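Let's have the full structure, built from the sequences with the hints guiding it.
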Amino acid sequence: SAPSPAAGSSANGTSGSLFSLESSLTPEELNQFKSKTFSLGQIPLKPPPSNMLVV
Amino acid sequence: TGDKSTEDDKDDRAAQSLLNKLIRSNLVKNTNQVEVLQKDPNSPLYSVRTFEELRLKPQLLQGVYSMGFNRPSKIQETALPMMLAEPPQNLIAQSQSGTGKTAAFVLAMLSHVDPSRKYPQCLCVSPTYELALQTGKVIEQMGQYYSEVKLVYAIRGNKLPRGTKLQEQIVIGTPGTMLDWCGKFKFFDPKKILVFVLDEADVMIDTQGHQDQSIRIQRMLPQSCQMLLFSATFEESVWNFAKRIVPDPNIIKLKREEETLDTIKQYYVLCNSREEKFKALCNIYGAITIAQAMIFCHTRKTAGWLAGELSREGHQVALLSGEMQVEQRAAVIERFREGKEKVLVTTNVCARGIDVEQVSVVINFDLPVDKDGNPDNETYLHRIGRTGRFGKRGLAINMVDSKMSMNILNKIQEHFNKKIERLDTDDLDEIEKIAS
Amino acid sequence: KKGGRIASIQDCHRKLFKRWTFDRIHEKYSSRHTTKKLKQELQKAATIPVSQISSNSGSQVKELFDKIDQFLSGQPVMLEGKSVSTSMHPQAQNFAFYKVAEKFVKQGEEEVASHFEAAFPIAMVASGIWEQHPQVGELILAHLHKKCPYAVPHYPAMKDGSTVEDYQRLLGYRVDSSGVEDQNSFLKKMSGMIRLYAAIIQQKWPFSSKQGPPPHALNHGWRWLAQMLNMEPVSDITSTLLFEFLEVCGNALMSQYRDQFWKLIRLLKEEYLPRYLQSTSHLK
Ligand SMILES: Nc1ncnc2c1ncn2[C@@H]1O[C@H](COP(=O)(O)OP(=O)(O)O)[C@@H](O)[C@H]1O
Chain A
465 SAPSPAAGSS
475 ANGTSGSLFS
485 LESSLTPEEL
495 NQFKSKTFSL
505 GQIPLKPPPS
515 NMLVV
Chain B
4 TGDKSTEDDK
14 DDRAAQSLLN
24 KLIRSNLVKN
34 TNQVEVLQKD
44 PNSPLYSVRT
54 FEELRLKPQL
64 LQGVYSMGFN
74 RPSKIQETAL
84 PMMLAEPPQN
94 LIAQSQSGTG
104 KTAAFVLAML
114 SHVDPSRKYP
124 QCLCVSPTYE
134 LALQTGKVIE
144 QMGQYYSEVK
154 LVYAIRGNKL
164 PRGTKLQEQI
174 VIGTPGTMLD
184 WCGKFKFFDP
194 KKILVFVLDE
204 ADVMIDTQGH
214 QDQSIRIQRM
224 LPQSCQMLLF
234 SATFEESVWN
244 FAKRIVPDPN
254 IIKLKREEET
264 LDTIKQYYVL
274 CNSREEKFKA
284 LCNIYGAITI
294 AQAMIFCHTR
304 KTAGWLAGEL
314 SREGHQVALL
324 SGEMQVEQRA
334 AVIERFREGK
344 EKVLVTTNVC
354 ARGIDVEQVS
364 VVINFDLPVD
374 KDGNPDNETY
384 LHRIGRTGRF
394 GKRGLAINMV
404 DSKMSMNILN
414 KIQEHFNKKI
424 ERLDTDDLDE
434 IEKIAS
Chain C
-14 KKGGRIASIQ
-4 DCHRKLFKRW
6 TFDRIHEKYS
16 SRHTTKKLKQ
26 ELQKAATIPV
36 SQISSNSGSQ
46 VKELFDKIDQ
56 FLSGQPVMLE
66 GKSVSTSMHP
76 QAQNFAFYKV
86 AEKFVKQGEE
96 EVASHFEAAF
106 PIAMVASGIW
116 EQHPQVGELI
126 LAHLHKKCPY
136 AVPHYPAMKD
146 GSTVEDYQRL
156 LGYRVDSSGV
166 EDQNSFLKKM
176 SGMIRLYAAI
186 IQQKWPFSSK
196 QGPPPHALNH
206 GWRWLAQMLN
216 MEPVSDITST
226 LLFEFLEVCG
236 NALMSQYRDQ
246 FWKLIRLLKE
256 EYLPRYLQST
266 SHLK
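Protein chains in written order, with this note's numbering: chain A, 465 to 519; chain B, 4 to 439; chain C, -14 to 269.
Among the hints, erroneous ones may be present.
Claimed, not checked - Calculated cross-link-like contacts (lysine-lysine; reagent style DSBU-like; alpha-carbon spacing at most 30 Å):
#1 Lys268/B with Lys414/B
#2 Lys282/B with Lys22/C
#3 Lys498/A with Lys248/C
#4 Lys248/C with Lys436/B
#5 Lys343/B with Lys67/C
Simulated from the structure, these hints should not be mistaken for lab results.
Since the structure is predicted, the reported quantities are computational estimates derived from the model, not experimental observations.
Shown next as structure tokens:
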């Protein structure tokens, strides 16, 4: 199961990409990125999408 | 061209002390108890656990923290409250170098000056020009948020026009120049001095004339002036001198931490020639990870040869030997400290002073012997012994290349009653094991 | 769910580790003297240049990179006057990959631990070698995670039936006949390895012919930090690692992830640290 090239992080140590694709995020992850603050214990492990760097 | 043995590498105390300052970036750990002898045994004895308790000026507290000091060192816990007390108390303090004496008296000087008064209020005498500069650096660092306080160096070469009246609050220098400045040239008024510090008293008495000059300076100061004297060691002669400089002193002492071989793994390697020793060294490098290593040779010639061979193999090597000036040596050690070179090849010259944390491996390319060729146990201990500092283990590897050196190794073993294991350097797996 | 993810990362590394493990390679060697000798030469050729990386000069670092790269690519290199190459044995290249990776991590454990600035030149070369030889990168991670589980990040739990010593080893302590390593020395070692990791993810080999981010880039920094904050803090190791990590690559993360990074930092300051202080207050 090769991760899609845009997936934030891949377990095998070879690089994913610097940013996630919005489409690769779950609704919970998207909500975390959209919100003004993160909730402890629920910070997405995938990096933020490049269009969400300004909140 | 001299290839004499240890004789020419013998070093004077001032140079050793300077090297120590230049290469040290950490407190020396000491688990002994501070001994205190109070002038007035009935007055309560304060010691502090935090810098806050000292009620320092905020600018100074900020300076202290920005130097990365979190809490007072052992000697500082006791010395600082005494030095900062009202009325000021005189103090004689002894503890090995690296325990925080300089930082302590610098803080005392900075606390006592009144920056709004533009004349000298604190004097600090050091045995040499270079040592004075080092103390000056500490004053500058600790006073970095207290820029109203100014500093001037009374050292040879710093010539002021006649009639100068100093505006700086702190004067730091060597006894001769300092004496000239207050006696002969009257650049400042000794009667206005509040704090007089004499640093490195044991080094001071080694130099002709310094004792006398220091006493003459002290005699010009007012009764009310706070006298502080520091020394790393305390022989009878230092003690006599101290009593003449500091009337009615409080005395604090911190015993030197004993060095031990307990945390050291010791090995020896059997070789037949220096080429074989070199080969063994290369194998050691291939098998274990050495942050930084010091390699001791008996003669300059061997040290020079070895450094050459190592750099041909691509190692970054620093070479330290007796004929170098202190400044040159300091520069070499500084580069080594910074990790620019990871191997330091040296003769006996710096066996004593150097304390580089990264040095996890010491290699005796030649075993330490005295003039008569007998084992030099003290030097051996000093090279590889640890005081349990940072809880770090050490590794010592001794190269043995003759019956005679095997004999010396055996005697060292007996002396310390600790086994030195044989290591087969032809087997990398074996070597790897000793470091895991 | 999160636990599952970590387990899967670990599992993956374990597999990798197995795949490349020295023992397997070792098995293929006979114990004949000649092979042992060859192995020693390969080991020296692989590890000595890594140990020679220093901040001394850029040209020296480039030479060492070239030497390691050439050797891993099968070209001969000179060692103590002799020529050594991985073409001398079918398993030699794998062995060299393994040893080079191991050496990078050991350099972090030993040298960076006592000399923090060393992280940068070592990481730069590691990143370049990783880019050229991805297997080395995988092995670096495997070695790193084995020696420093906090690099995953992960706080190992004690398993039923394991001894205290085994558990201490799992946590990264050195345990030998003289007992367990002291806390200070342990923290320094872990700091060294975390610093090296933090430097690797933000540094690219400057002479790289490839475009784009380093082979193991800042997204892994994001993941590390996010995962760290998602877990319950554990006494002094947590604060030490966070400090070291942020000191080395906080700035890079900030330029990369902007407001999202600030959200992490705010969470750290406003929720995580108070919790941490509470959970460690009994230690005082
Ligand atoms: N309270 C402290 N906390 C941490 N480091 C300290 C402290 N006091 C001094 N140091 C550092 O320890 C080293 C030795 O201190 P120093 O004052 O020069 O000792 P000494 O004068 O006894 O040789 C210096 O690098 C100094 O910056």
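Each hint tested on the structure:
no.	hint	verdict
1	Lys268/B with Lys414/B	holds (17 Å)
2	Lys282/B with Lys22/C	holds (14 Å)
3	Lys498/A with Lys248/C	holds (11 Å)
4	Lys248/C with Lys436/B	violated (46 Å)
5	Lys343/B with Lys67/C	holds (27 Å)
Violated hints amount to a single one, hint 4; each of the other numbered hints is respected by the structure.
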